[in-house]
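Same order as they appear, the protein sequences are chains A and B. Numbering (the working numbering) for the first sequence: 1 to 224. Numbering (the working numbering) for the second sequence: 1 to 236.
Calculated directly from the structure, the hints in this document are not laboratory data. Among the hints, a few may not be true.
The calculated lysine-lysine pairs, modelled on BS3-like cross-linking and capped at a C-alpha distance of 25 Å, are [unchecked claim]: (1) A/Lys118 <-> B/Lys115; (2) B/Lys110 <-> A/Lys37; (3) B/Lys132 <-> A/Lys118; (4) A/Lys37 <-> B/Lys56; (5) A/Lys118 <-> A/Lys37; (6) A/Lys118 <-> B/Lys16; (7) A/Lys118 <-> B/Lys177; (8) B/Lys16 <-> B/Lys56; (9) A/Lys118 <-> B/Lys99; (10) B/Lys115 <-> B/Lys99; (11) B/Lys108 <-> B/Lys177; (12) B/Lys110 <-> B/Lys150.
Derived DEER-like restraints, expressed as beta-carbon distance ranges [what the hints assert, rightly or not]: (13) B/Asn62 <-> A/Phe77: 56 to 66 Å; (14) A/Ile25 <-> B/Asn127: 31 to 41 Å; (15) A/Glu131 <-> B/Arg207: 33 to 43 Å; (16) B/Thr52 <-> A/Ser115: 39 to 49 Å; (17) B/Lys132 <-> A/Gly160: 50 to 60 Å; (18) B/Asn62 <-> A/Phe132: 22 to 32 Å.
Interface residues of chain B toward chain A, partial, derived using beta-carbon atoms under 7 Å [what the hints assert, rightly or not]: (19) Thr53; (20) Val75; (21) Pro77.
Cβ coordinates follow ideal geometry from the N, Cα and C atoms, glycine included.
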Amino acid sequence: MNQDFVNTLLLTGRLASWTTVILFIIGFPIAYLLAYKRFFLKAVVEALISMPLVLPPTVLGFYMLVAYSPQNAFGRFLAEHFNTRLAFSFDGVLIASVLFSLPFMIQPLQNGLTSIPKSFRETAYTLGKSEFTTFIRVLIPNMIPSIVTATAMTFAHCIGEFGVVIMVGGNMPGETRVASIAIYDEVQAMNYQTANQYSFILFIISLLILTLIYSMNGKKKIFF
Amino acid sequence: MLKIDIQRSMLTSEGKTNLKVCTEIQSNELLCLFGHSGAGKTTLLRILAGLTTPDKGRIVFNDTVWYDSEKKINVPPQRRNVGYMFQDYALFPNMTVEKNISFAQKEKDKEEVDKLLTLFDLGTLRNQHPPKLSGGQKQRVALARALAAKPNLLLLDEPLSALDFDMRLALQHEIRKAHEVLNTITLMVSHDLQEVFHLASSVIMLRNGTVIKEGKPADVFSQSTEWKSRMEYLGL
């Protein structure tokens, strides 16, 4: 197997893993706020988080490129203070990927939290437990299928990401050239055998992840 | 002693109404809140637990102010130390019977857990998870868990409503036991006249958010011809 092929797959895995880890950390607090708290403009926040489900990836990619440009505030701030350029870099693609995968992590977590009876939380509070203890000891253990779904869907979605990556990262081997872009590239170059190898691996990974999700959902816990 | 003087607007199936309760409950009382659906019984329990905030008023438990709208005091549920038993029992499915009980303890005390398991005849079920228990077993675990926290006040929201008649009779005994172990005030929501006569030392009868009668069960119900005939029918 040639080194380029392996590097592309490793880069794809790296991007999907980092995106999933970052979203797992920031996704829980956001899902908790959306599930249990009422605040001003909550519907707008929910709509913004769900936008990647309906928005063409190129739209987000375009706005990310605009934001990263040193001619604009965010890009200029990064260039001046950190000497960093995000357009056409792995970090730039990673940030875009995190934003684009937000709903895949947050929606299952939010659904998991809201499906737990309110009386569980309230009982824990009357037993003197803080919101944090209740979250760790009562809520998380009772929403494991939702956590698996959220993590697996985010990972699977990242593996298949194309539009955002090509807009923000282009096609730089070892930096931004992930498997989905490599397939497109190999087909353009009429290297159908390599395109087939990439496609087959992505097909198998996606199938395994979705099978895992459906088998977990089949064993969903019954509260009563 | 528990002093309650609160008001809270409620939305019921018959429209908007106002819950208005002003009463004093003596220590060691086992008090039943009696009334039709939407009368405000559960809302009152939730207000006492700190899970629902009244619109105005004052709640004082043994010289400790739990709620005072004028002084803007509202002690959160975590610091009121009440044992609240929900209608669905709210047992945590991820924990065994034993873990459900020990989770409630402020300081881990295995001996105390063993004592409660024995008291409520749960010894053989200690390693079972709640979804595998029957309604009556769940109720006993929920009572044991409420006691494990050594609460100041025991609040039971229709604890027997999900059970059949025989089980109800058997578990009334468990509730009395829980009340005696705790040696404090127990407030229990009930629709069942027989249950009230078997358990309660006093009754508050609510209608559309207002206390219409309170006192000893025999006094409260014998004043009304509607209830008097039902009492006679049940041989109470």
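Could you tell me whether the CB distance from B/Asn62 to A/Phe132 stays inside 22 to 32 Å? This hint holds: roughly 29 Å between Cβ atoms.
Hint says 50 to 60 Å; check whether the CB-CB distance for B/Lys132 and A/Gly160 agrees. violated (41 Å)
For A/Lys118 and B/Lys99, compute the direct alpha-carbon distance and say whether it is at most 25 Å. Distance ~20 Å between A/Lys118 and B/Lys99 Cα, so the pair holds.
Hinted pair, alpha-carbon criterion (25 Å max): B/Lys110, A/Lys37. Please report holds or violated. Violated, because 36 Å separates the two Cα atoms, which is more than 25 Å.
Checking one constraint from the list: CA of B/Lys132 to CA of A/Lys118, max 25 Å. Satisfied? Judged against 25 Å, a Cα distance of about 21 Å means the pair holds.
Please work out if A/Lys37 and B/Lys56 have their alpha carbons no farther apart than 25 Å. Holds, at about 23 Å.
Could one say that the CB atoms of B/Asn62 and A/Phe77 fall in the range 56 to 66 Å? Holds, since B/Asn62 and A/Phe77 (Cβ atoms, about 58 Å apart) stay within the stated range.
Hint validity - B/Val75 Cβ closer than 7 Å to any chain A Cβ: violated (12 Å)
Check the hint pairing A/Lys118 with B/Lys177 against an upper bound of 25 Å on the C-alpha distance. violated (28 Å)
Given a cut of 7 Å on the nearest C-beta pair, is the interface hint for B/Thr53 held or broken against chain A? violated (13 Å)
Hey, B/Lys16 versus B/Lys56, does the alpha-carbon distance stay inside 25 Å? holds (17 Å)
Holds or violated: the hint that B/Pro77 contacts chain A, with Cβ atoms closer than 7 Å. holds (4 Å)
Checked against the numbered hints above, the structure violates hints 1, 2, 7, 16, 17, 19 and 20; every other hint is satisfied.
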